[in-house]
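Chemist: Those protein sequences? They're chains E and H, same order as listed.
Numbers 1 to 228, taken from our numbering, label the letters of the first sequence in order.
Numbers 229 to 456, taken from our numbering, label the letters of the second sequence in order.
Some hints here could point you the wrong way.
Partner residues are not named here, just some residues of chain E that face chain H (Cβ under 10 Å, in silico) [claimed, not checked]:
#1 A48
#2 A49
#3 Y51
#4 D127
#5 P155
#6 V157
#7 V161
#8 V171
#9 C174
#10 P180
#11 L187
#12 T193
The set of hints was computed from the structure by calculation and includes no laboratory data.
Quantities reported herein were computed from a predicted structural model and do not represent experimental measurements.
Here a beta-carbon is modelled for each residue, glycine too, at the ideal position from N, C-alpha and C.
2 protein chains.
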Amino acid sequence: MGIRERHDREKQAVRDGILAAARDLFVIEGYAQVSIRKIAERIEYSPAAIYSYFPSKDDIFFALAAEGFTRLDETIQAAAGDPDPLTDLRNSWWAFYQFSKDQREFFHLMFVDRSVPAITAQWQGFDLLQQMLAHVAARIQRAIDAGRLPADLDPQVALHVLWAALTGPAVLGCTCRLAPGEDCDALARDVLTTTIAGLAAGAALTFVPCHPQRPYSTFASPTWSRVP
Amino acid sequence: MGIRERHDREKQAVRDGILAAARDLFVIEGYAQVSIRKIAERIEYSPAAIYSYFPSKDDIFFALAAEGFTRLDETIQAAAGDPDPLTDLRNSWWAFYQFSKDQREFFHLMFVDRSVPAITAQWQGFDLLQQMLAHVAARIQRAIDAGRLPADLDPQVALHVLWAALTGPAVLGCTCRLAPGEDCDALARDVLTTTIAGLAAGAALTFVPCHPQRPYSTFASPTWSRVP
DNA sequence: TTAGAAGGCTGAACACTGTTCAGAGATAAT
DNA sequence: ATTATCTCTGAACAGTGTTCAGCCTTCTAA
């Protein structure tokens, strides 16, 4: 009868407990402060017990990263929806930046950290990431269709440019690379403004993203030193 | 007699040896692979000996970060000099991005890493960083004077926007957040193109940088959700 | 009801990490 | 020759991630 089910439920509960403990330490004290022994102490198990739930410490962080994408998706979903396509775009990316502030450790783990090999290795495999990117690409397409962005702008290219550009101030903020008084929000806002204005200006772009469907290819070497 | 001098020289040589060993491990195997014991083994000293040259491991990385700024400065100096002010600007920031590729570990330590508190704490204190920023600001001013960028553009604001925007693709590249085939160079190029085009378009910017001389202040809350 | 199988959990250990400190050994000054 | 100075070492401490033999509870089968 339901014995197996109860067992599974109990196992799942312990597993969730491990993740919850890790998340608490992680969010409050930061990545570096999360240790197997501290997690074990919180859930009142021995350190070794954790290894029958996760193959390694990295896998715990991998699970947290996956959760991070859910959180980011919710944040962006909540911010999106403005009828004006460009405002909608701004709000979406502003939400992305806000996420880097409000969920600094998650952001760092998802977009910056190099110390969890599995995350970088399987990064493209996070379903929610791909979904989010697809959603934003669709929003960009809407802005193009509405004539607010150039007709010859590839949504995937614009997506990557916006993503990369906004990642900059987010990283500078969460790694404390601005002067004490400098307003990171204002900087992020200006980067967003400038990038959208630049995209609207319609400069020739050379990036060729990996579309899910069509294979990858690059253009020839650039001639970027000649300024338009 | 030069005994004291010889001693000082010998001490300096060992100190340099420590830095050299650390740099080798650091550049080749990455930050995470640098340990006091590995450094000690390379210089054929006991691990404890290192602590009479550097107060802690962090201070070794701090010294390496300072060296990184020298390297970056040389890289940018070598790239700068084009008579056309905008091309000069492009070349400078392209060199910044190239540095993030060619000296990945240095770039990461200088602009991304959070695990060396001293670096983030005293980051603004790196003289070469401030010099470099001042140089680039001067180049931006030249572009403004030449009428290639809006007259009402604050060079310090443009500087920060360019810096932040370019940091994005650099980070995505050096933390492996692009799809395997995607061309990070092309993305960085596009971000650079888009940002300069955006600055040239003359959108209103709100960032107020910490000028070395005048005190810091911020503007009131933004109204960025209204798109220009 | 009892013997056996299965699984979860622990304690101890291993190999690492940064760091400290008493003391050995060499060198320099008196 | 003796003392003082200084550098360097070996050993240790407290921490890390991880592994494994074995215990102990729980469930299954006879």
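Chemist: Now look at each hint and say whether the structure bears it out.
Modeler: Results of checking the hints against the structure:
1. Interface hint status for A48(E): violated, as the beta-carbon distance to the closest one in chain H is roughly 24 Å, over 10 Å.
2. The interface hint given for A49(E) is broken, as the beta carbon of that residue sits about 27 Å from the closest beta carbon of chain H, more than 10 Å.
3. Hint status for Y51(E): violated, given a least beta-carbon distance of 22 Å to chain H, over 10 Å.
4. Hint on D127(E) is violated. Least Cβ distance to chain H is approximately 14 Å, over the 10 Å limit.
5. Checking P155(E) against chain H by beta carbon gives a least distance of about 13 Å; that is not within 10 Å, so the hint is violated.
6. A least Cβ separation of about 7 Å between V157(E) and chain H falls short of the 10 Å threshold, and the interface hint therefore holds.
7. For the restraint placing V161(E) at the interface with chain H, the shortest Cβ-Cβ distance is roughly 5 Å, inside the 10 Å limit, so the hint holds.
8. Hint status for V171(E): holds, given a least beta-carbon distance of 5 Å to chain H, under 10 Å.
9. Because the closest C-beta pair between C174(E) and chain H is about 8 Å apart, less than 10 Å, the hint holds.
10. Nearest Cβ of chain H to the Cβ of P180(E): about 8 Å, under the 10 Å cut. The hint holds.
11. The closest approach between the C-beta of L187(E) and any C-beta of chain H is roughly 5 Å, which is under the 10 Å cut-off, so the hint is satisfied.
12. Because the beta carbon of T193(E) sits about 5 Å from the nearest beta carbon in chain H, less than 10 Å, this interface hint is met.
Hint violations for this structure: numbers 1, 2, 3, 4, 5, all remaining hints satisfied.
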